[in-house]
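Asks: The residues making up each chain are set out below.
Number of protein chains: 2
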Amino acid sequence: MSDIRSLALACRDAAPLMAALDTAAKMALLHDMASSLEQHGDAILAANARDMQQALDKGLHGAMLDRLRLDATRIAAIAQALREVAGLPDPVGVVTRRETRPNGIAVERVRIPLGVVAMIYEARPNVTADAAALCLKAGNAVILRGGSEALHSNLAIAAALHDALRAHGLPEAAITLLQDLRREAMVELLQLTDIVDLAIPRGGEGLIRFVAEHARVPVIKHYKGVCHLFVDSAADVALALNLLVDGKTSRPGVCNALETLLVHKDVAGAFLPRAAHVLRERGVELRGDPATCRLVPDTKAATEDDYAAEFLDLILAVRVVEDLDQAIAHIRRYSSDHTEVIATRDEAAAQRFVQALRSAVVMVNASSRFSDGGELGLGAEIGISTTRLHAYGPMGAESLTIERFVVRGEGQLRHPQSRIEDPGQGP
Amino acid sequence: MSDIRSLALACRDAAPLMAALDTAAKMALLHDMASSLEQHGDAILAANARDMQQALDKGLHGAMLDRLRLDATRIAAIAQALREVAGLPDPVGVVTRRETRPNGIAVERVRIPLGVVAMIYEARPNVTADAAALCLKAGNAVILRGGSEALHSNLAIAAALHDALRAHGLPEAAITLLQDLRREAMVELLQLTDIVDLAIPRGGEGLIRFVAEHARVPVIKHYKGVCHLFVDSAADVALALNLLVDGKTSRPGVCNALETLLVHKDVAGAFLPRAAHVLRERGVELRGDPATCRLVPDTKAATEDDYAAEFLDLILAVRVVEDLDQAIAHIRRYSSDHTEVIATRDEAAAQRFVQALRSAVVMVNASSRFSDGGELGLGAEIGISTTRLHAYGPMGAESLTIERFVVRGEGQLRHPQSRIEDPGQGP
Numbered sequence: 000m001s002d003i004r005s006l007a008l009a010c011r012d013a014a015p016l017m018a019a020l021d022t023a024a025k026m027a028l029l030h031d032m033a034s035s036l037e038q039h040g041d042a043i044l045a046a047n048a049r050d051m052q053q054a055l056d057k058g059l060h061g062a063m064l065d066r067l068r069l070d071a072t073r074i075a076a077i078a079q080a081l082r083e084v085a086g087l088p089d090p091v092g093v094v095t096r097r098e099t100r101p102n103g104i105a106v107e108r109v110r111i112p113l114g115v116v117a118m119i120y121e122a123r124p125n126v127t128a129d130a131a132a133l134c135l136k137a138g139n140a141v142i143l144r145g146g147s148e149a150l151h152s153n154l155a156i157a158a159a160l161h162d163a164l165r166a167h168g169l170p171e172a173a174i175t176l177l178q179d180l181r182r183e184a185m186v187e188l189l190q191l192t193d194i195v196d197l198a199i200p201r202g203g204e205g206l207i208r209f210v211a212e213h214a215r216v217p218v219i220k221h222y223k224g225v226c227h228l229f230v231d232s233a234a235d236v237a238l239a240l241n242l243l244v245d246g247k248t249s250r251p252g253v254c255n256a257l258e259t260l261l262v263h264k265d266v267a268g269a270f271l272p273r274a275a276h277v278l279r280e281r282g283v284e285l286r287g288d289p290a291t292c293r294l295v296p297d298t299k300a301a302t303e304d305d306y307a308a309e310f311l312d313l314i315l316a317v318r319v320v321e322d323l324d325q326a327i328a329h330i331r332r333y334s335s336d337h338t339e340v341i342a343t344r345d346e347a348a349a350q351r352f353v354q355a356l357r358s359a360v361v362m363v364n365a366s367s368r369f370s371d372g373g374e375l376g377l378g379a380e381i382g383i384s385t386t387r388l389h390a391y392g393p394m395g396a397e398s399l400t401i402e403r404f405v406v407r408g409e410g411q412l413r414h415p416q417s418r419i420e421d422p423g424q425g426p
Numbered sequence: 000m001s002d003i004r005s006l007a008l009a010c011r012d013a014a015p016l017m018a019a020l021d022t023a024a025k026m027a028l029l030h031d032m033a034s035s036l037e038q039h040g041d042a043i044l045a046a047n048a049r050d051m052q053q054a055l056d057k058g059l060h061g062a063m064l065d066r067l068r069l070d071a072t073r074i075a076a077i078a079q080a081l082r083e084v085a086g087l088p089d090p091v092g093v094v095t096r097r098e099t100r101p102n103g104i105a106v107e108r109v110r111i112p113l114g115v116v117a118m119i120y121e122a123r124p125n126v127t128a129d130a131a132a133l134c135l136k137a138g139n140a141v142i143l144r145g146g147s148e149a150l151h152s153n154l155a156i157a158a159a160l161h162d163a164l165r166a167h168g169l170p171e172a173a174i175t176l177l178q179d180l181r182r183e184a185m186v187e188l189l190q191l192t193d194i195v196d197l198a199i200p201r202g203g204e205g206l207i208r209f210v211a212e213h214a215r216v217p218v219i220k221h222y223k224g225v226c227h228l229f230v231d232s233a234a235d236v237a238l239a240l241n242l243l244v245d246g247k248t249s250r251p252g253v254c255n256a257l258e259t260l261l262v263h264k265d266v267a268g269a270f271l272p273r274a275a276h277v278l279r280e281r282g283v284e285l286r287g288d289p290a291t292c293r294l295v296p297d298t299k300a301a302t303e304d305d306y307a308a309e310f311l312d313l314i315l316a317v318r319v320v321e322d323l324d325q326a327i328a329h330i331r332r333y334s335s336d337h338t339e340v341i342a343t344r345d346e347a348a349a350q351r352f353v354q355a356l357r358s359a360v361v362m363v364n365a366s367s368r369f370s371d372g373g374e375l376g377l378g379a380e381i382g383i384s385t386t387r388l389h390a391y392g393p394m395g396a397e398s399l400t401i402e403r404f405v406v407r408g409e410g411q412l413r414h415p416q417s418r419i420e421d422p423g424q425g426p
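Chains A and B, in that order, give the protein sequences.
Numbering-wise, numbering that gives the first Met the number 0 puts 342 at position 343 of the first sequence, and it's gapless, one number per residue.
Numbering-wise, numbering that gives the first Met the number 0 puts 378 at position 379 of the second sequence, and it's gapless, one number per residue.
It is possible that part of the hints are untrue.
[What the hints assert, rightly or not] Estimated spans, in silico, between C-beta atoms of each pair: (1) Glu420(A) x Ser232(B): 23 to 31 Å; (2) Gly373(B) x Leu180(A): 45 to 53 Å; (3) Pro415(A) x Ala24(B): 38 to 46 Å.
Derived from the structure by calculation, the hints contain no laboratory data.
From the three backbone atoms N, C-alpha and C, an ideal C-beta is built for every residue, glycine too.
Chain A with its partners taken away, still in its complex shape (with noise of 0.2 Å):
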């Protein structure tokens, strides 16, 4: 057998065991792996030196050492989101629906963990604490696929966390951490349809694409956020140009921010040009169609690759469109699914923009930065899911969850004939 099949087969094996924490059980082994992170601060940050010294070596620099980079302030952050997630509702054994039978069987509908989670993720050491607390939350086990970047730092966090688990008497496999980074390994993990429940791949378009064409197992994909803000004819202007900056300027390089403004023609004249100013002064890059290059001088032309790209960056492309139904066709050719925003006065606008885009999270006159499980109230959040099935934007841990059915009778049966006249007669 495989080591990725024997370590899969073992966080399999420990599934049951979290499956069948109660919810006092979960609290305390969460509060414990914030304790246990703590006391392994200095070993955690020893090992991030040295994924931040042959990250330099590497050459890497900018927003990707600053993903892996972590120091006290980050460690106690990620106590503190473990400490939140144990005091989350727990998702497991809720009864969402009940009926009875005009037969008299009363069905339930309740949550039950997934199983086995596979999550596969890039340089960011502190999903392998967020990602396991909320898997575990939900009561599954996980298996934990990082970035070769952080791979001393994960194991370092999952070190922590595996004490917790040992004191609780549970299995250190139910928070599985691979070390084999190589992409065959990647690839029969993602392949392995006995064992692995889900797949959740979080990270830039090449990893997703990757997990994509190679699993077998179910997968929700984490994939880019092309945002969009529509400016409608009935927009507030001053709301509109709030909603632009920090949608663009608050945080570029994350998923939920902005990276495409459209305009209605007919506020084009009055917003284009203030809001040009606005963001030019914060350092925002331009890419216009025709229209909007004659409004803003000195615009860069957009091309097609522009409206497509999610820039992470502080960049944007705009267009003017001649009324709500252009925009929604532009929004449904280039949209990746994930949050779109409209400033309107006009509910009937706004209902229509609602209604015609089936992205994950579509917005009336509020910032696209809210699309975020914490923000939308999930406590905490395993990603956005772009993948329109089981879940749709923000999961939180009800998402590591499925709802099935418990039914309770008095002997009911389907077909009345099959009842035994007289059971109680021997053969």
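Fit chain B to the supplied structure of chain A, relying on the hints for placement.
Replies: Only chain B this time, still in chain A's reference frame:
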């Protein structure tokens, strides 16, 4: 462009039109589809006669021929099923949750259609109408890939459905029946990741495996039912006997029929000889472990394969177990995650059985034959999912939708410092 791709693209283009239909429009359409089926009755019967003749020529017989056969009564039943789907609640647009966040944004979870559903099935022509109706009820467009034995019947049924679509000004492509039934064409369909939102294979083991192996689009499997009845030491023996007879003999060829009987050793002596007598009277062959063979003379020895088998026939695998734990371990090992039943008067044993198993449907003192969308209150079903993602167990119209987020605000920002202090001022 290949034929499959261009057909699928036309179906995708029809999807937004189907998604935009309101409840009344869908209801009228479904009623008109039912009437159209009845009006096309003679053509459908003539097409079915061709299929039946070809099937006879190929040497098909018994249950396979019966599944293929249509008559006036069956056509009336198909039309009636469409009318029942018309009367079901519309899942699209339902707000499942609503919350106002501390910052004032209103967050709703709203059901939208999945988009394009590809249904892949085998000989039963009624699935053509049933699946189309349920997909449409949930606002989806559908691609139907039936079995070659039923091609003429399926084409005739699709023609009837298309008449109704046309009468409502809707594109026929909303219900696309594939005529290219080569395996290569199915593989191509299953890899249209930019078009097909969900593939549902429903059929025998070979079909399901083929789809799982080749699909790149999301798949919800409708796999076999290796359903168990466990007769606990605290069982009401008469009740258990009735569940056994109903589960095994009322319709042995369906997936919610019982395939394996597990009996607690403390009641085996009282239960098994009587059960064997009653079952044998009804033509059931028993295959047992050594303990069963001792209690029931002339019982064939069960093999490992028998415990894993979905017989779909008057055959029952039987095993005497030491206790509830051994029953649970047996089911965990051999179950196909479909439906399991415990007969017991001991509430604690029932609770343990339910919690320890993760099958889609778990029943206490009720027949496995209730594991069905209609019986469990879904109104109709597109099948019974054995994939523990999105939908698990009987799948109704609601399972052909997905919840997404709709957010309404009044200009809320994630980072207050994004706010332009005096946006009224021009540049």
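Asks: A separate judgement is required for each hint: does it hold in the structure or not?
Replies: Comparing the hints with the structure gives:
Our hint of 23 to 31 Å for glutamate 420(A) and serine 232(B) holds, since their Cβ atoms are close to 26 Å apart. Between glycine 373(B) and leucine 180(A) the C-beta distance comes to about 49 Å, which sits within the given range of 45 to 53 Å. The hinted range of 38 to 46 Å is satisfied by proline 415(A) and alanine 24(B), whose Cβ atoms lie roughly 40 Å apart.
Of the numbered hints given earlier, the model fails none.
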